[in-house]
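S.K.: Modelling step: build the complete structure from the supplied sequences, incorporating the hints.
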Amino acid sequence: MEPIETFYEVMRKQGITRRSFIKYCSLTASALGLGPAFVPKIAHAMETKPRTPVIWVNGLECTCCSESFIRGAHPLAKDVVLSMISLDYSHTLMAAAGHHAEAALEETIRKYKGNYILAVEGNPPLNEDGMFCIVGGKPFVEQLRHAAKDAKAIISWGACASYGCVQAAKPNPTQATPVHKVITDKPIIKVPGCPPIAEVMTGVITYMLTFDRLPELDRQGRPAMFYGQRIHDKCYRRPHFDAGQFVEAWDDENARKGYCLYKMGCKGPTTYNACSTVRWNEGLSFPIQAGHGCIGCSEDGFWDQGSFYDRVTDLTQFGAESNADQVGMAAAGVVGAGVAVHAAVSALKAAQKKSQSRPSAESRAREDA
Amino acid sequence: MRDDLTAPSPHGLHDLSPHEAAQASVQTSVYVYEAPVRIWHWINAAAIMILCLTGYFIGSPPPSMQIGEAAHQFVMGYIRFAHFAAGLVLTVGFLGRIYWAIFGNHHARQLFYVPIWRADWWREVVFEIRWYLFLAREPKKYVGHNPLAQLAMFFFITLGVSFMIVTGLALYSEGLGHGSILYAMFGWVFDLAGGNSHVVHTVHHLGMWWIVIFMIVHIYVAIREDIMSRQSIVSTMISGHRTFKDDRPD
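Protein chains in written order, with the numbering used here: chain A, 1 to 369; chain B, 1001 to 1250.
Hints listed in this document are in silico derivations from the structure and should not be mistaken for laboratory results. Treat each hint with caution, since some may be false.
[To be verified] Below are the DSSO-like pairs computed for lysine-lysine, each with C-alpha atoms no more than 30 Å apart in a straight line:
1) A:K41 <-> A:K23
2) A:K170 <-> A:K113
3) A:K113 <-> A:K138
4) A:K113 <-> A:K13
5) A:K349 <-> A:K23
6) A:K113 <-> A:K149
7) A:K41 <-> A:K111
8) A:K186 <-> A:K152
9) A:K181 <-> A:K170
10) A:K111 <-> A:K49
11) B:K1245 <-> A:K354
12) A:K170 <-> A:K263
13) A:K111 <-> A:K149
14) A:K41 <-> A:K113
15) A:K149 <-> A:K181
16) A:K353 <-> B:K1140
17) A:K349 <-> B:K1140
18) A:K138 <-> A:K170
19) B:K1245 <-> A:K349
20) B:K1140 <-> A:K113
21) A:K111 <-> A:K138
22) A:K13 <-> A:K41
23) B:K1245 <-> A:K353
24) A:K113 <-> B:K1245
25) A:K349 <-> B:K1141
26) A:K181 <-> B:K1141
27) A:K170 <-> A:K111
M.R.: What follows is the structure in structure tokens.
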């Protein structure tokens, strides 16, 4: 194996000064929530470690993950791509195309067997032998299995790779399947979202390079540092929720005042992501700040959870469009009506019984006397 | 006649008319529901009322109020606090009820099992259904719950409340955070629901209606049977004593 340049060497080659490099290390440390003691550790790692080869494959997807990724600001995606990782194969970002591109993929797999990270954007459709997604003349699922076989770890970018997203929404005609259900023998880190936040993507890669291991994952395999809290927990509109001040209609006074979007169907209370803390586009804003509720794009099966604009959403299981309250009230109504009828019949029966038994009671009373 | 009224009857009943004397039962009462069961019943009932009301408002909050600035107003906060407090009271009460099922009398155990292996039990379930369908002329007398009531209690209260406690604590643990002990205990609920906590919210909401349906039927049947059956029902959950209106066999 020919020696790969370290991160530091590559950065210096690009004219980055030592001072900027150390600055970058401290920024990265704080972005990852690490103390100042970790700055020299990160610097040391970047000075001595060879760049990690990354293969970035695309299945059924919309490229919003790539679009988000190249907008990463801390660290800059440019730095990640050009300095930190060795992005050896990526449809969207690489210059090569066609046979050259496929050759680069094969070469990377061969040269860095067991040492490269496989980043998956999108997912493989399994129906019809995977014919709904063809890459380089073959079903994508074959490329995925091939590339995953010798990977050190797999990153599932976005809701597609993590959970299936829109192409896996009911009835899922192509049988689009998330990566962890196809590749079961490799460590997989899910970075869901549609797309994931740029800084979350670059942050996850930086962590993996720096510490040479997966970050701490939650129960669902998402990095806990970015997906440990709900949008609702850190939402700047939370005080309005607790106060009971809600936007009641999109164009009302409360919407202008920036009240809580809970009644407009905001999924912030059930969505784990860093939007309300990291925000988007270099911390500029995020959906709720822009006046629209969270749609829960980083949660499993978010397309199948009913309307984005209802809080108590429709139960698709019942066929007809009705929510838990409508189903419950209908059931309670039927039971209530049944009880009323039953009570009426009971009263009639009791009256009937009394009138039938009265003569005998009177005769009994006569006998007693 | 007047003298008869003032003299105590053989049963020790005062102001008993001869006509009533024919109806008076020899067996006056059986102590069925011990104090812990009765206290649990009423605490549980109160907690369920609070939980249904506040839970409905958590799903569909009341109209926005402008009492003061958000910092000085805590309407939704109080509704949620009441819900969580009542939920924890319900949970502790239910655990206490399980304790009493083990150490209390045998009637206290009725809520926690259904003797589906007993043919005569099923026959009595069918009889009770016939009674409620007006096909049986007279109900049987039971010291504890009748088999149909036992079946309903088991599915609506024992299973229903357990389901609400488990899903409720899981949802509550989300507020405490992924690092909390409660999340470590109940995080599996989200795995079962497919990972999205919105699903857990929905089934918890449906569970409320399950309990509401029980409440409607339970209160109706308790009052109806108090009037129409051959035994006391409502007062038994207050005094603990089951009284019977006659001494006749089935």
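S.K.: Now, for every hint given, state plainly whether the structure supports it.
M.R.: Against the structure, the hints come out as follows:
Under the criterion of a C-alpha separation no larger than 30 Å, the hint pairing K41 (chain A) with K23 (chain A) is consistent with the structure, at around 13 Å. Distance hint between K170 (chain A) and K113 (chain A) is unfulfilled; the C-alpha atoms sit about 38 Å from each other, more than 30 Å. In summary, the hint linking K113 (chain A) to K138 (chain A) is supported, as the alpha carbons are separated by about 22 Å, within the 30 Å threshold. Between K113 (chain A) and K13 (chain A) the CA atoms are separated by roughly 27 Å; this keeps the pair inside 30 Å, and the hint holds.
The straight-line distance between the Cα atoms of K349 (chain A) and K23 (chain A) is roughly 88 Å, outside the 30 Å bound, and the hint therefore fails. Simply put, K113 (chain A) and K149 (chain A) have alpha-carbon atoms about 9 Å apart, close enough for the 30 Å limit, and the pair holds. For the given pair, K41 (chain A) sits about 28 Å from K111 (chain A) by alpha-carbon distance, which is consistent with the 30 Å threshold. Distance check on the hinted pair: K186 (chain A) and K152 (chain A) sit about 7 Å apart at the alpha-carbon level, within 30 Å; holds.
Distance hint between K181 (chain A) and K170 (chain A) is fulfilled; the C-alpha atoms sit about 17 Å from each other, no more than 30 Å. At most 30 Å may separate the alpha-carbon atoms for a hinted pair to count; K111 (chain A) and K49 (chain A) meet this at roughly 17 Å. Proximity of K1245 (chain B) to K354 (chain A) is assessed by CA-CA distance (about 16 Å); at most 30 Å being required, the pair is judged to hold. As the CA atoms of K170 (chain A) and K263 (chain A) are separated by approximately 26 Å, the hinted pair is consistent with the 30 Å bound.
Annotation: proposed proximity of K111 (chain A) to K149 (chain A) holds, straight-line Cα distance about 14 Å (limit 30 Å). About 27 Å separates the Cα atoms of K41 (chain A) and K113 (chain A), which keeps this hinted pair within 30 Å; it holds. Note on K149 (chain A) and K181 (chain A): the hinted pairing holds, with a Cα-Cα distance of about 15 Å set against a maximum of 30 Å. For the suggested pair K353 (chain A) and K1140 (chain B), the alpha carbons sit about 17 Å apart, so the restraint of at most 30 Å is met.
Pair hint K349 (chain A) plus K1140 (chain B) holds up; C-alpha atoms about 17 Å apart against a cutoff of 30 Å. In summary, the hint linking K138 (chain A) to K170 (chain A) is supported, as the alpha carbons are separated by about 26 Å, within the 30 Å threshold. Only pairs whose Cα atoms come within 30 Å are accepted, and K1245 (chain B) paired with K349 (chain A) is accepted, the gap being roughly 19 Å. In summary, the hint linking K1140 (chain B) to K113 (chain A) is not supported, as the alpha carbons are separated by about 78 Å, beyond the 30 Å threshold.
A threshold of 30 Å between alpha carbons decides the hint, and for K111 (chain A) with K138 (chain A) the separation of about 22 Å falls inside it, so the pair holds. Of the supplied pair hints, the one linking K13 (chain A) and K41 (chain A) holds, its CA atoms being roughly 21 Å apart against a limit of 30 Å. A hinted pair counts as satisfied when its Cα atoms are at most 30 Å apart, and K1245 (chain B) with K353 (chain A) qualifies at roughly 16 Å. The hinted pair formed by K113 (chain A) and K1245 (chain B) fails the criterion: a straight-line CA distance of about 86 Å is larger than 30 Å.
Proximity of K349 (chain A) to K1141 (chain B) is assessed by CA-CA distance (about 19 Å); at most 30 Å being required, the pair is judged to hold. Of the pairs offered as hints, the one joining K181 (chain A) and K1141 (chain B) is violated, with about 58 Å between alpha carbons and a cut-off of 30 Å exceeded. Restraint check for K170 (chain A) and K111 (chain A): not satisfied, since their Cα atoms lie roughly 41 Å apart, outside the 30 Å limit.
The structure fails hints 2, 5, 20, 24, 26, 27 (numbered hints given earlier, in ascending order).
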